[in-house]
Amino acid sequence: MTSDMENPTPPIVEISNLSKSYRRGSQIISVLEDITFAIAEGEFLALMGPSGSGKSTLLNLIAGIDKADRGSVRVGGVDITSLSEAELAGWRAANVGFIFQFYNLMPVLTAYENVELPLLLTNLSRKERRKHAELALKVVNLIDRMEHYPSQLSGGQQQRVAIARAIVTDPVILVADEPTGDLDRVSAEDVLQLMDRLVREFGKTIIMVTHDPRAAGKAHVVRHLEKGVLTA
Amino acid sequence: MFFIKLIIRNAFRHRLRTFLTIAGVAVAILAFGMLRTLVGLWYLGVERSSATRLVTRNAISLIFPLPISYKDRIRQVPGVKSVSYGNWFGGIYIDEKHFFANYAIEPKNYLDLYPEFILPPEQKEAFIHDRKGCIVGKKLADKYGWKIGSLISLRGTIVPGQWEFVLRGIYRGADRGTEERVMMFQWDYLNETMKKTMPRRADQVGYYMIGVTNPNLAAEVAQEVDRTFKNSLAETLTETERAFQMGFVSMTEAIMIAIQIVSYIVIVIIMVVAANTMAMTARERIPEYATLKTMGFGGMHIGVIVFGESVFITLIGGVLGVLFTFPAAQWIETELSQFFPFFSVSPATIYLDLITACGIGVVAAIFPTWRGATIRIADGLRRIG
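Chains as they are written, first to last, in my numbering: chain A, 1 to 232; chain B, 1 to 385.
To be clear, the hints were calculated from the coordinates, so they are not data collected in a lab. Predicted, not measured: the structure shown is a model, and the values here were computed from it. There could be a bad hint or two in this list.
What the hints assert, rightly or not - In silico BS3-like links for lysine-lysine, alpha-carbon gap of 30 angstroms or less:
#1 B/K97 with B/K71
#2 B/K5 with A/K127
#3 B/K97 with B/K138
#4 B/K230 with B/K132
#5 B/K132 with B/K147
#6 B/K195 with B/K230
#7 A/K138 with B/K147
#8 B/K5 with A/K131
#9 B/K108 with B/K230
As the list claims (entries may be wrong) - The following residues of chain A were derived to be distant from chain B, with all beta-carbon distances above 10 angstroms:
#10 P11
#11 I12
#12 E41
#13 R92
#14 L135
What the hints assert, rightly or not - Okay, the calculated bits of chain B under chain A, using three or more residues with CB under 8 angstroms as the criterion:
#15 6-18
#16 289-299
Glycine residues also receive a C-beta, built at the ideal position from the N, C-alpha and C atoms.
The following block holds chain A by itself, in its conformation from the complex (with noise of 0.2 angstroms):
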């Protein structure tokens, strides 16, 4: 494990002051305050906290699917708390892929629909489509059940599928929210190493929350949320 100091690649995330705050009734709840630090290229982040502590906002304000009060959030370079709704989505399409802890496939979809999908929004044939999907599906070693819909498939093959499904589009970066939260130890143990290897071999830059101090062992920075303020 090693702090962003030490990298000396460049940052493809870079967050300033960013602060967020929800309203439940008349009361504010600060959620996160004052967040300052970058993210390099091909890193691999893991934030860790509590629960409530922030993390999974902060992970939301990075993936551009939730507005921040103030601050920025720059991803290659571009402002992305500057974006309107629809500017956002467009922006997701292009350079997010999303881990999601219960996976989130569509279960009337086979594998290879659910990883096609994000492809649709794209210009590509529906061969280029299928290339791509395949390939993707390759990666994460499930070609052979590609045509398995989520329920004939395991909670790490499913798993699988979803991580196959962020990288389709070849993302400028991977938010994963506790992508081994609902896995037992051996296939926890398989999304991470699959997720280790999209670092180190295609130079994806993954920011993962997770609670599991297995899974931020695989990580190259570790981060740590209290109470919506950076500790560590």
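With chain A fixed as given, assemble chain B onto it according to the hints.
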């Protein structure tokens, strides 16, 4: 193509719920179609009325007769091409359950005024030349197995007695909408008997049918006929056949309006049921919509998925409802022929059924679409687990 696949598969994720919704829509569309058909048929007589025919009746009421002597005076009114007349006979065949309309008519001009009754010339001649002859519609003949030459006996109600007729002709309707369950016999036969049994009621007719030379002159001719008999013992009321028919229909208009309202209520109810189904569906799929949005899919895509599924389900229900409408209409026409001798579903009703089914789908999808399209991704994802 991908979205069509997704829509179809989504539609059958909860098979029982989908089949129940489809069944509900099918039954509603069937009911809607049948009620609309009923209302349409109720007005069919009015719609099919000839523009060149006038009906003259006693100005006081239809139940009061007019003298037969009016015939020649009506014939002399400018614009009148031909005149015929008839009486409602109201005879009963076997018993009241075997009701069918039967009239005493002046045969020659009457049949000329009704070209929609297609009768072979030799049968028409045979009818005209047989005082006890009668003609019936094809459906009526088929129902009772009557052939040319069959003896038909009716029990008179207005004019008591047992009346014997010889079937001389079986007419066909020019189209499906023409009534084929009517019996007509010679007015002279009725009148001769009346002269013997109740002479005071002889030489009187229930109504005159007038053919005009030009439909545009119908109003003037009607006024002139009524003017001719003004201040007589039996003043007349002449109106177009359409107005005459409308007079009957308007007596039951409140019932028709009630039926129309019920048909719309049926649709509103199924709309609410379908909307509830789609709302449940959308609520369950909020995380999926949120996931799609994370990938960059927009509200429009979510709308296509929700609207597509909703319209797909209701359209299946609509098509099934339409398919069931035909055998149901056939069953009514066969089994309830004395009330609905002609119960045919019009193409317009079918189109209306399908448009209504689509409308149900669209309306049912509005709220779920709005919900799916506007939900914040973070909120949507939070529902998982």
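Verification of the supplied hints:
{"no.": "1", "hint": "B/K97 with B/K71", "verdict": "violated (36 angstroms)"}
{"no.": "2", "hint": "B/K5 with A/K127", "verdict": "holds (18 angstroms)"}
{"no.": "3", "hint": "B/K97 with B/K138", "verdict": "holds (19 angstroms)"}
{"no.": "4", "hint": "B/K230 with B/K132", "verdict": "violated (36 angstroms)"}
{"no.": "5", "hint": "B/K132 with B/K147", "verdict": "holds (16 angstroms)"}
{"no.": "6", "hint": "B/K195 with B/K230", "verdict": "holds (27 angstroms)"}
{"no.": "7", "hint": "A/K138 with B/K147", "verdict": "violated (81 angstroms)"}
{"no.": "8", "hint": "B/K5 with A/K131", "verdict": "holds (20 angstroms)"}
{"no.": "9", "hint": "B/K108 with B/K230", "verdict": "holds (28 angstroms)"}
{"no.": "10", "hint": "P11", "verdict": "holds (23 angstroms)"}
{"no.": "11", "hint": "I12", "verdict": "holds (19 angstroms)"}
{"no.": "12", "hint": "E41", "verdict": "holds (22 angstroms)"}
{"no.": "13", "hint": "R92", "verdict": "violated (5 angstroms)"}
{"no.": "14", "hint": "L135", "verdict": "holds (18 angstroms)"}
{"no.": "15", "hint": "6-18", "verdict": "holds (count 4)"}
{"no.": "16", "hint": "289-299", "verdict": "holds (count 8)"}
Checked against the numbered hints given earlier, the structure breaks hints 1, 4, 7 and 13 and satisfies all the rest.
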